[in-house]
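Taken in order, these protein sequences are the chains called S and R. To convert, note that position 344 of the first sequence is 344 in the working numbering; the numbers rise steadily by one, no gaps. To convert, note that position 455 of the second sequence is 1455 in the working numbering; the numbers rise steadily by one, no gaps.
Incorrect hints may appear among the rest.
[As the list claims (entries may be wrong)] Computed list of lysine to any residue pairs in SDA-like fashion (alpha-carbon distance at most 20 Å, straight line): (1) S:481 to R:1416; (2) S:495 to R:1412; (3) R:1495 to S:414; (4) S:478 to R:1416; (5) S:173 to R:1398; (6) S:173 to R:1080; (7) R:1177 to S:412; (8) S:495 to R:1175; (9) S:173 to R:1408; (10) R:1175 to S:222; (11) R:1438 to S:491; (12) R:1495 to S:412; (13) S:495 to R:1409; (14) R:1495 to S:222; (15) S:173 to R:1412; (16) S:173 to R:1407; (17) R:1438 to R:1411; (18) S:173 to R:1402; (19) R:1175 to S:481; (20) R:1173 to S:221; (21) R:1438 to S:496; (22) R:1175 to R:1080; (23) S:234 to S:451; (24) R:1495 to S:411; (25) R:1495 to S:221; (26) R:1173 to S:413; (27) S:474 to S:464; (28) R:1495 to S:415; (29) R:1173 to S:222; (30) S:438 to R:1491; (31) R:1177 to R:1491; (32) R:1173 to S:412; (33) S:175 to S:84; (34) S:495 to R:1416; (35) R:1358 to S:71; (36) R:1173 to S:408; (37) S:438 to R:1492; (38) S:175 to R:1408.
Read the hints as simulated data drawn from the structure, not as lab findings.
Number of protein chains: 2
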Amino acid sequence: MSLSWLSLIISFILSSASISGRKLDTPTLSLHREHNLRDSKHAVSASVANDYETFFFNQTLDHFNYRPESYTAFKQRYLINSNYWGGANYSAPIFVYLGAESPIDGEPTTIGFLTDNAAQFKALLVYIEHRYYGESIPLGMTLKGALEDANIRGYFSSAQALADYAAIIMHVKQKLKARYSPVIVVGASYGGMLASWFRLKYPHVALGALASSAPILYYDRITPQDAYHWVITKDFKEASETCYQTIRDSWSEIDRVAHKPDGLSNLNKMFKTCKPLESVDELKGYLKSLYWRAAQYDDPPIYPVTMICNGIDGANTIENGILGKIFAGIVAYDGNSTCYVNPSTDVSQTSLGWSWQKCSEMVMPIGITNNSMFQPHPFILSDFIDECNSSYGVMPQLHWVTTYYGGYDIELILRRFGSNIIFSNGLRDPWSSAGVLKNISNSIIAVYTEKGSHCLDLYSEMQTDPNWLVMQRKTEVKIIKGWIAEYYADLLAFKQ
Amino acid sequence: MSLSWLSLIISFILSSASISGRKLDTPTLSLHREHNLRDSKHAVSASVANDYETFFFNQTLDHFNYRPESYTAFKQRYLINSNYWGGANYSAPIFVYLGAESPIDGEPTTIGFLTDNAAQFKALLVYIEHRYYGESIPLGMTLKGALEDANIRGYFSSAQALADYAAIIMHVKQKLKARYSPVIVVGASYGGMLASWFRLKYPHVALGALASSAPILYYDRITPQDAYHWVITKDFKEASETCYQTIRDSWSEIDRVAHKPDGLSNLNKMFKTCKPLESVDELKGYLKSLYWRAAQYDDPPIYPVTMICNGIDGANTIENGILGKIFAGIVAYDGNSTCYVNPSTDVSQTSLGWSWQKCSEMVMPIGITNNSMFQPHPFILSDFIDECNSSYGVMPQLHWVTTYYGGYDIELILRRFGSNIIFSNGLRDPWSSAGVLKNISNSIIAVYTEKGSHCLDLYSEMQTDPNWLVMQRKTEVKIIKGWIAEYYADLLAFKQ
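Bound-form chain S, shown alone (with noise of 0.2 Å):
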């Protein structure tokens, strides 16, 4: 096949992989908020973007095989705050934020939780780039060259992900003679659910994990497909009655009015559409988007839930009826445009990389079909087969992560196994439905809040933050505490 096939082929999945309503059609589970409603003149702390060294690791392609290409090596690149460290004389902490489907440079300033807590830990920051992300991409390559590669992108996998992590973090630690240091593993929602498997595979590297917002029951047939949407429809209803009521009501409403003559150039007008709409799914898929976003990212104290249902509560639309109260719920999250409904068109590594992760191991299998405030679109395994199939030649491994980590049964299996890890979520969050909201043991601890939404106890304290984010806070770093006190009893008993 030539490489302009490829590409074609590749561009395809990539944009029907978007969260713009087509084919893959699944919300994202990026960290990261799109609209900058936390302001970060509100945060408590300066900026720390200057205090970061950056350094290159030699790290190997393939830990797990012995083939002549498993020994090349790439530079993978990881940061460093040592401002903070109390020094190996005293096996002051390290955190290591285990980076995710993004790259790292932006972190520093984004998780807050570990700058706002280092000083009273005395803890050694390092934040590390995960493998295909960043300028952590094997042979030098571009990430889309080398999705475009079959041989190249195989290598891009989670379990090689885990395994450049103990890799670098056992050199950081002999490089600064810091055997008995203990490390706290600290990730979000994708890199949430890699810090707990870190723990888990990796006991004698960290010793705990902190996963906020980490779905990890999303996988084979733990969680039911629906979940996902019923939290989002909870979050609404809860929200506004009526709001989740014209939410509801407004997709057949769409349909009745696209399948008139003239339809779709109606619907361009109502909602002041920036480009005219290629199909009513456009229309549909920005909505669904438009809900998600809110739900996952509805962060005090803007609260974009309840923003957009104002929006749709509050309108005057005699006029334009359900259609206007919508079109009222955009603008209310939007603010003052001179038009809307842009359709996704995003290229970023996330999209691009979490497209190939979702497609080979990371299969979450999220629909809707019944009790939501959405149309039913149940998950169709064999079509989701057949997409990623064509687009990148490989068969989803749709039992693997649940061979390889787990997940069934998780609390029969892990209430006498393993220990030191917070399972963190914010029940707003529609992940949520697949994190683990219940204490396994006395040291696999979940910690939540009713109110609270994606990975927001990572984000920096700022002053408007609301008490149970506060405590939220506060519990995870008193956790944390015990298990590094316990831990330093231990070594010095285990040293005399």
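Following the hints, put chain R in place on chain S, whose structure we already have.
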């Protein structure tokens, strides 16, 4: 490089990696006794050779990557004995023997521990062959053929083998609808390492592990390189101080005789060699391997170390001095024969396969520096690397085992992580020097016997078994019963 050249190189490393005393000169890890010192007519149970059904599983070549070649399937063999099983309705246990560096066929007969105890546990017995051994070689190749292919041999790794086991166990449980049947994995020697690592990496697949004579601490620099030979020395010293002294003095005497005119030819006569010696190292290598084997497999009721020492101490050797005594030791071990000192020409799958595994990842730095009954022969890392590199073109991954599986500070690390592992050892076995000999927690337990040998606990019960061996096995059974009882209680609570 042409295939014939490659074959030549392969043959070189294989001969040099054997236990014949040349080049790589390291002891064997096999659980299998070369000599039939344990007479099966004393076995308590009847033969079990015909109680098994053979299956082949469609196994994935490469679990950790998603390259096109990763999806290649191969047939992996496993055996099932369901004669004793209590069935899925009772969630009756499943004992899984994790095959190691040899074909699986013989194991149901060899590993009597499973058949001897199946009835009281109502356990299903499963024996899984390790990839690249027996009939479980990818692409329908011979092991020799697979090892000659730099690409194909690259998939021959321990992490892949563990993932194979997980896939087969989950498949068997699904097929039998035995979701809640607890799985206990059992392994011996290298297989014992795999069993302990399997419980740590796949706690959702195995409830517990019995790891017999697993030297998991012989990697990197955890255990001093001399440890193996120190134990052998201790064994001989305890059997007889004069015997130990004779062996200790014999090496320089062999050298002295060898360096005289007609030295080798005189040694040929003194030792009645089957073939003329090519070098003095051939004789010394043979003797070292004799003492290794005697100590490692110092089994009751015969106790080969004592047998050799009786030969040495009892020899009437006014004529031949020290070497006459040494020869009497050989005769005592080998019995009456027309000739002796048959250099090993072992080209079994075990020696072929382990030679690769040692060079790629299972790097155990075993050497002799001082304080033993042997001549110094230190482990020289650069030589080892050069040999592996020139034989297989690979750089041994010296730190991979400790990176992936851990090992350093194991007591500190596993004190509050993990559960349900028995590390069993016999302290006369030189491999016990790198085993876990202390309880780490109340469920990660060391069960050892002062007089035991390599993997002895897993062999069939015999009428001649000494009391300490009977007790060791009883302790192991009791501990496993405890795990299963606790699990059933958890299961009951969990299902309510």
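Tested hints:
Taking the CA atoms of residue 481 of chain S and residue 1416 of chain R, the gap is about 16 Å. The hint holds against a cut of 20 Å. At most 20 Å may separate the alpha-carbon atoms for a hinted pair to count; residue 495 of chain S and residue 1412 of chain R meet this at roughly 9 Å. Distance check on the hinted pair: residue 1495 of chain R and residue 414 of chain S sit about 15 Å apart at the alpha-carbon level, within 20 Å; holds. Between the alpha carbons of residue 478 of chain S and residue 1416 of chain R the distance comes to roughly 19 Å, so the proposed pair stays at or under 20 Å and holds.
For the hint linking residue 173 of chain S to residue 1398 of chain R, the alpha-carbon distance of about 18 Å falls within 20 Å, and the restraint holds. Restraint check: the Cα-Cα separation between residue 173 of chain S and residue 1080 of chain R comes to about 46 Å, which exceeds 20 Å; the hinted pair is violated. For a cut-off of 20 Å, the pair hint linking residue 1177 of chain R to residue 412 of chain S stands: about 18 Å separates their Cα positions. A C-alpha spacing of about 49 Å is found between residue 495 of chain S and residue 1175 of chain R, which places the hinted pair above 20 Å, so the restraint is violated.
Restraint check for residue 173 of chain S and residue 1408 of chain R: satisfied, since their Cα atoms lie roughly 14 Å apart, inside the 20 Å limit. Between residue 1175 of chain R and residue 222 of chain S, the direct Cα distance comes to roughly 19 Å. Compliance with the 20 Å bound is thereby established for this hinted pair. Straight-line distance between C-alpha atoms of residue 1438 of chain R and residue 491 of chain S comes to about 17 Å, which keeps the hinted pair within the 20 Å bound. Restraint check: the Cα-Cα separation between residue 1495 of chain R and residue 412 of chain S comes to about 9 Å, which is no more than 20 Å; the hinted pair holds.
Proximity of residue 495 of chain S to residue 1409 of chain R is assessed by CA-CA distance (about 10 Å); at most 20 Å being required, the pair is judged to hold. The hinted pair formed by residue 1495 of chain R and residue 222 of chain S meets the criterion: a straight-line CA distance of about 15 Å does not exceed 20 Å. Using a Cα cut-off of 20 Å, the hinted pair residue 173 of chain S and residue 1412 of chain R holds, with the two alpha carbons roughly 17 Å apart. At most 20 Å may separate the alpha-carbon atoms for a hinted pair to count; residue 173 of chain S and residue 1407 of chain R meet this at roughly 16 Å.
For a cut-off of 20 Å, the pair hint linking residue 1438 of chain R to residue 1411 of chain R stands: about 8 Å separates their Cα positions. For the proposed pair residue 173 of chain S and residue 1402 of chain R, the alpha carbon gap of about 14 Å is at most 20 Å, so the pair holds. Restraint check for residue 1175 of chain R and residue 481 of chain S: not satisfied, since their Cα atoms lie roughly 45 Å apart, outside the 20 Å limit. Our distance criterion of 20 Å between C-alpha atoms is met by residue 1173 of chain R and residue 221 of chain S, whose separation comes to about 17 Å.
For the proposed pair residue 1438 of chain R and residue 496 of chain S, the alpha carbon gap of about 16 Å is at most 20 Å, so the pair holds. Taking the CA atoms of residue 1175 of chain R and residue 1080 of chain R, the gap is about 13 Å. The hint holds against a cut of 20 Å. Annotation: proposed proximity of residue 234 of chain S to residue 451 of chain S holds, straight-line Cα distance about 12 Å (limit 20 Å). Taking the CA atoms of residue 1495 of chain R and residue 411 of chain S, the gap is near 11 Å; set against the 20 Å cutoff, the hint holds.
Proximity of residue 1495 of chain R to residue 221 of chain S is assessed by CA-CA distance (about 18 Å); at most 20 Å being required, the pair is judged to hold. About 16 Å separates the Cα atoms of residue 1173 of chain R and residue 413 of chain S, which keeps this hinted pair within 20 Å; it holds. For a cut-off of 20 Å, the pair hint linking residue 474 of chain S to residue 464 of chain S stands: about 16 Å separates their Cα positions. About 14 Å separates the Cα atoms of residue 1495 of chain R and residue 415 of chain S, which keeps this hinted pair within 20 Å; it holds.
The hinted pair formed by residue 1173 of chain R and residue 222 of chain S meets the criterion: a straight-line CA distance of about 17 Å does not exceed 20 Å. With a C-alpha separation of about 17 Å, the suggested pairing of residue 438 of chain S with residue 1491 of chain R holds against the 20 Å cut-off. For the given pair, residue 1177 of chain R sits about 16 Å from residue 1491 of chain R by alpha-carbon distance, which is consistent with the 20 Å threshold. For the hint linking residue 1173 of chain R to residue 412 of chain S, the alpha-carbon distance of about 17 Å falls within 20 Å, and the restraint holds.
Simply put, residue 175 of chain S and residue 84 of chain S have alpha-carbon atoms about 18 Å apart, close enough for the 20 Å limit, and the pair holds. Of the supplied pair hints, the one linking residue 495 of chain S and residue 1416 of chain R holds, its CA atoms being roughly 16 Å apart against a limit of 20 Å. The hinted pair formed by residue 1358 of chain R and residue 71 of chain S meets the criterion: a straight-line CA distance of about 17 Å does not exceed 20 Å. For a cut-off of 20 Å, the pair hint linking residue 1173 of chain R to residue 408 of chain S stands: about 14 Å separates their Cα positions.
Taken as a hint, the residue 438 of chain S and residue 1492 of chain R pair is honoured in the structure, with Cα atoms around 18 Å apart against an allowance of 20 Å. Distance restraint check for residue 175 of chain S and residue 1408 of chain R: the Cα-Cα separation of roughly 17 Å lies within the 20 Å cut-off, and the hinted pair is therefore satisfied.
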